[in-house]
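**Q** Just so you know, the sequences run in chain order D, G and Y.
Take the first sequence: its position 187, counting from 1, is numbered 187 in the working numbering, and each next residue is one higher.
Take the second sequence: its position 10, counting from 1, is numbered 10 in the working numbering, and each next residue is one higher.
Take the third sequence: its position 149, counting from 1, is numbered 149 in the working numbering, and each next residue is one higher.
Hints in this document: simulated from the structure, not taken from any laboratory.
There may be inaccurate statements among the hints.
Unchecked claim - DSS-like, lysine-lysine: derived pairs with alpha carbons at most 27 Å apart:
(1) D:Lys142 - G:Lys77
(2) G:Lys49 - D:Lys139
(3) D:Lys139 - G:Lys77
(4) G:Lys14 - D:Lys142
(5) G:Lys49 - Y:Lys95
(6) D:Lys310 - G:Lys14
(7) D:Lys142 - G:Lys269
(8) G:Lys269 - D:Lys72
(9) G:Lys212 - G:Lys77
(10) D:Lys310 - G:Lys269
On a predicted model such as this, the values are computed, not experimentally measured, just so you know.
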Amino acid sequence: MLAIETERLTKDYAVGFWRPRPYRALDSLSLQVEPNEVFGFLGPNGAGKTTTLKLLTELIYPTSGRISVLGKPPSHPDVRRRVGYLPEAPYFYDYLSAEELLTYFAGLFGLRGAERSRRVASLLDRVGIAGERRLPLRKFSKGMLQRVGLAQALINEPELVFLDEPMSGLDPIGRRDVRALILELRDRGCTVFFSSHILSDAEALCSRVAIVVGGQMVISGRLSEILAFEVSGWELVMADLQPAALESLGSAVRKVTRISEGRYTVEVTPEAEPERIVGELRSRGGRFVSLNPVRTTLEDYFVQQVTARKATAPAGRAVPEG
Amino acid sequence: MARVICLVAYHVFKESVRDKVLYNLVLFAVLMIGASYLIGQLTAGQDVKIIKDLGLAASSVFGLFIAVFIGVGLVWKEVDRRSVYNLLVKPITRSQFIIGKFLGLALTLLVNIAVMAAALYAVLGLMLWLQPGLAKASIEAPVMDPQLLMAFALLYVQLLVVTSVALFFSTFSGPMLSAAFTFGLYIVGHFNADLANFEAVVESQAAGWLGKALYYILPNLAPFDVKAAVVHGQAVSFSYVALTTGYGLLYAGAMVALAILVFSRRDFK
Amino acid sequence: MEALAARVRKGGDGALTLLAAAALLLGSALALQAYREARHPLPLASSDVLYFRGGAAVSRAALGFDAILADVYWIRAIQHFGGTRRAQESDKTYKLLYPLLDLTTTLDPHFNIAYRFGALFLSEPHPAGPGRADLAVSLLERGLAADPTRWQYAQDAGFVHYWFRQDYKAAAEWYFRASRIDGAPWWLHSMAASTLAEGGDRQSSRQMWRQLYETTEDTWVRNNAQLKLGQLDALDEIDALAAVVQRFAQTRGRPPGDWSELVALRWLTGIPLDPSGTPYELRPDTPGGVALSQKSSLHPLPPQFLKKAGPTT
Numbered sequence: 001m002l003a004i005e006t007e008r009l010t011k012d013y014a015v016g017f018w019r020p021r022p023y024r025a026l027d028s029l030s031l032q033v034e035p036n037e038v039f040g041f042l043g044p045n046g047a048g049k050t051t052t053l054k055l056l057t058e059l060i061y062p063t064s065g066r067i068s069v070l071g072k073p074p075s076h077p078d079v080r081r082r083v084g085y086l087p088e089a090p091y092f093y094d095y096l097s098a099e100e101l102l103t104y105f106a107g108l109f110g111l112r113g114a115e116r117s118r119r120v121a122s123l124l125d126r127v128g129i130a131g132e133r134r135l136p137l138r139k140f141s142k143g144m145l146q147r148v149g150l151a152q153a154l155i156n157e158p159e160l161v162f163l164d165e166p167m168s169g170l171d172p173i174g175r176r177d178v179r180a181l182i183l184e185l186r187d188r189g190c191t192v193f194f195s196s197h198i199l200s201d202a203e204a205l206c207s208r209v210a211i212v213v214g215g216q217m218v219i220s221g222r223l224s225e226i227l228a229f230e231v232s233g234w235e236l237v238m239a240d241l242q243p244a245a246l247e248s249l250g251s252a253v254r255k256v257t258r259i260s261e262g263r264y265t266v267e268v269t270p271e272a273e274p275e276r277i278v279g280e281l282r283s284r285g286g287r288f289v290s291l292n293p294v295r296t297t298l299e300d301y302f303v304q305q306v307t308a309r310k311a312t313a314p315a316g317r318a319v320p321e322g
Numbered sequence: 001m002a003r004v005i006c007l008v009a010y011h012v013f014k015e016s017v018r019d020k021v022l023y024n025l026v027l028f029a030v031l032m033i034g035a036s037y038l039i040g041q042l043t044a045g046q047d048v049k050i051i052k053d054l055g056l057a058a059s060s061v062f063g064l065f066i067a068v069f070i071g072v073g074l075v076w077k078e079v080d081r082r083s084v085y086n087l088l089v090k091p092i093t094r095s096q097f098i099i100g101k102f103l104g105l106a107l108t109l110l111v112n113i114a115v116m117a118a119a120l121y122a123v124l125g126l127m128l129w130l131q132p133g134l135a136k137a138s139i140e141a142p143v144m145d146p147q148l149l150m151a152f153a154l155l156y157v158q159l160l161v162v163t164s165v166a167l168f169f170s171t172f173s174g175p176m177l178s179a180a181f182t183f184g185l186y187i188v189g190h191f192n193a194d195l196a197n198f199e200a201v202v203e204s205q206a207a208g209w210l211g212k213a214l215y216y217i218l219p220n221l222a223p224f225d226v227k228a229a230v231v232h233g234q235a236v237s238f239s240y241v242a243l244t245t246g247y248g249l250l251y252a253g254a255m256v257a258l259a260i261l262v263f264s265r266r267d268f269k
Numbered sequence: 001m002e003a004l005a006a007r008v009r010k011g012g013d014g015a016l017t018l019l020a021a022a023a024l025l026l027g028s029a030l031a032l033q034a035y036r037e038a039r040h041p042l043p044l045a046s047s048d049v050l051y052f053r054g055g056a057a058v059s060r061a062a063l064g065f066d067a068i069l070a071d072v073y074w075i076r077a078i079q080h081f082g083g084t085r086r087a088q089e090s091d092k093t094y095k096l097l098y099p100l101l102d103l104t105t106t107l108d109p110h111f112n113i114a115y116r117f118g119a120l121f122l123s124e125p126h127p128a129g130p131g132r133a134d135l136a137v138s139l140l141e142r143g144l145a146a147d148p149t150r151w152q153y154a155q156d157a158g159f160v161h162y163w164f165r166q167d168y169k170a171a172a173e174w175y176f177r178a179s180r181i182d183g184a185p186w187w188l189h190s191m192a193a194s195t196l197a198e199g200g201d202r203q204s205s206r207q208m209w210r211q212l213y214e215t216t217e218d219t220w221v222r223n224n225a226q227l228k229l230g231q232l233d234a235l236d237e238i239d240a241l242a243a244v245v246q247r248f249a250q251t252r253g254r255p256p257g258d259w260s261e262l263v264a265l266r267w268l269t270g271i272p273l274d275p276s277g278t279p280y281e282l283r284p285d286t287p288g289g290v291a292l293s294q295k296s297s298l299h300p301l302p303p304q305f306l307k308k309a310g311p312t313t
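Pulled out of the complex, with its shape left as it was, chain D reads as follows (with noise of 0.2 Å):
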């Protein structure tokens, strides 16, 4: 049984008060995930992801198409006994703490006295504002309400987790305590479903993803199979050189770029010996700091394929005739 699994999914807006116009937010998007895997939502803002999430969690209704979660539809009341929802920028209730706020929701699924207490407490910790537990939420910073947000949507221990936008408003402690937050949550068996515009995120967390973008789907699958992990060129970077030595270097090196006094950044092309280029410029009185491989990331297939879809898009999205 797939963990989500959309068919033809569609959902149309009317835009504007006199004369409504329809606006296609998502087009016919048909998408599965299986299981116990973290599945990356990826796409530019405006793309659709968090209509989509929000179709998935019933907050919104869907003009066409099919949806099921957990095998059932997402009106089914057994749906929400097992998933979890973070929202993008998620805002809560001023004038609770963190800690009522997770009381509040853990009584909502029928959890009661001790045990209630006790798991609230846990995830309090887990997300690390165990210290802030009793202040009242509007005292709260952005990245606080981040993760009182994910505790928010783990109270119930979910199956299914879906996340939109996680790692916003995180400084880099707190992006690595949510990845590795999202990895316990794979290794537990729980599914994870998130949305997010971070790709480098995607790249560290994902099995599969898909991208949508201007409301359609572009492509979805295995990572590893999207994109081709072969090395398309070496990144140098040395320092102390003089600019003259970096003149007459060969066909080898494509580029090169100035990042400060001195240092430099050295493109070397994919055919070449980097080890070589190395050991020529250290003769000119360079010293080595870095050299890595380049690699067609996600962001590079990602920029590709948005700036293809907006030359070929018309203008507005507007609802095709029919």
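Use these hints to put chains G and Y onto chain D, whose structure you have.
**A** Below, chains G and Y alone, put in the same frame as chain D:
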């Protein structure tokens, strides 16, 4: 299922408390005590009536403001700030949400009205204790008239109707507009009886029918106002209270059902 | 088409159930309300008790909304007057009419029609009104106090004395007073004079009502004036008919049993109708033998103009 509704209701009440809404009671108490002191300068017997009038009128006004200003934000605030997203993905249906919100404000109002009633009785008791002669001078109604409770009870039910209207508007309209509409309906609701007699006073038959139709659809709030009767010592029978309360609760129920209807069909963009 | 289907699916049967529930609840509420209204009249609420017994108190409490409150009380006054008039009970007291008018005019001392109509309402004799011409005059006096340039109030006061109290001297005084106000029309003076001279004369009454009929813009006043003019005409016609009946009685020795007898003699061209179109009745019990039908819309005729006995000259 009832648990879920109670949780939502409890949190509405908690929010009111933490937003210091109940501080209005302090203002009320100060007003009553101050007035009772000042009015004590007037002729005996009259001041009891005036204190009762003032107490009931102030309760009405304070209660109305609470019902409207919290009522129009009940749903709107959650939707506008998107805290509703977290809630609706949990095992709670949209109708449970709406009913819970309504009952939460009903609880807040109940506490408010109860305290105001107690305060009024306290002030009256104090006046009686300081001036035992008042008891004889009050020819129309006893000083600590238990019938005042009837007035408060009907006031409470009236406020429930107002709350249900505010809640209904809150499901689709911003606070400014909702407050305007709700206040408007409150005022019209008091002149409802005039609408019923419209056909007797106007010449156009269409206007008469329109008046009659409006009389039925719009909330009829005037019968809840027994303040004058109670203060003048006219007994308000239990069956009157029961029937009027029944009307109020059923009407509020209809509005809540409509609110659920609107709310259930919404997309939360 | 798909969009529509999706919309319907959105709510599904849930929507219909809720709508039905709402309708059912409202229906029950209305049924309960109807039952309550049948069993209990409204308690002593604003319809019977004026929260403020005096205009001055209201004025202070109105907090700047005087004018609109005046309107509200004015509407109440009209409804009270109209409602009581149409009600079925026999002892109509109109007891709130003066207090309501008092409140209205205290809140808005320049409320023109409240004074003028109010005075007319107050003066109307039982059962069409409270029959309190004295209150009407005091209301108009207050209007004059607030606005001494309003000669119409003085004219109205004169009129009230003339028509409703038959106090011709007082009426004439008021007309004189009115005529002396700047801007008053020329005929007020002559009206004063003729009132003094001829008192209960139909001709001067007719003149005054005609004056009112022609100068007012209001339908109610115009209709009322027309009614009164009709009544005066009816009185004249009754006198003329009485003369004919008298002649018949003198020649035949008995009063006519039916109008047809007079028509047969060609003394009348047809069955005589009053200005409202209702036939006059032959009534031997009346002084002239002719009376206005009780079914006529002109009934009852103002008693001060009915002749006591004998034919007219």
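**Q** It remains to establish, for every hint, whether it holds in the given structure.
**A** Right, here's what the structure says about each hint:
Of the supplied pair hints, the one linking lysine 142 of chain D and lysine 77 of chain G holds, its CA atoms being roughly 20 Å apart against a limit of 27 Å. At most 27 Å may separate the alpha-carbon atoms for a hinted pair to count; lysine 49 of chain G and lysine 139 of chain D exceed this at roughly 49 Å. Of the pairs offered as hints, the one joining lysine 139 of chain D and lysine 77 of chain G holds, with about 19 Å between alpha carbons and a cut-off of 27 Å not exceeded. At roughly 24 Å between alpha-carbon atoms, lysine 14 of chain G and lysine 142 of chain D fall within 27 Å of each other, so this suggested pair holds.
In summary, the hint linking lysine 49 of chain G to lysine 95 of chain Y is supported, as the alpha carbons are separated by about 23 Å, within the 27 Å threshold. Under the criterion of a C-alpha separation no larger than 27 Å, the hint pairing lysine 310 of chain D with lysine 14 of chain G is inconsistent with the structure, at around 50 Å. Under the criterion of a C-alpha separation no larger than 27 Å, the hint pairing lysine 142 of chain D with lysine 269 of chain G is consistent with the structure, at around 21 Å. This hinted pair checks out: lysine 269 of chain G and lysine 72 of chain D have alpha carbons roughly 23 Å apart, not beyond 27 Å.
Under the criterion of a C-alpha separation no larger than 27 Å, the hint pairing lysine 212 of chain G with lysine 77 of chain G is inconsistent with the structure, at around 36 Å. With a C-alpha separation of about 24 Å, the suggested pair lysine 310 of chain D and lysine 269 of chain G falls inside the 27 Å cut-off, and the hint holds.
Violated hints for the displayed structure, listed by number in ascending order: 2, 6, 9.
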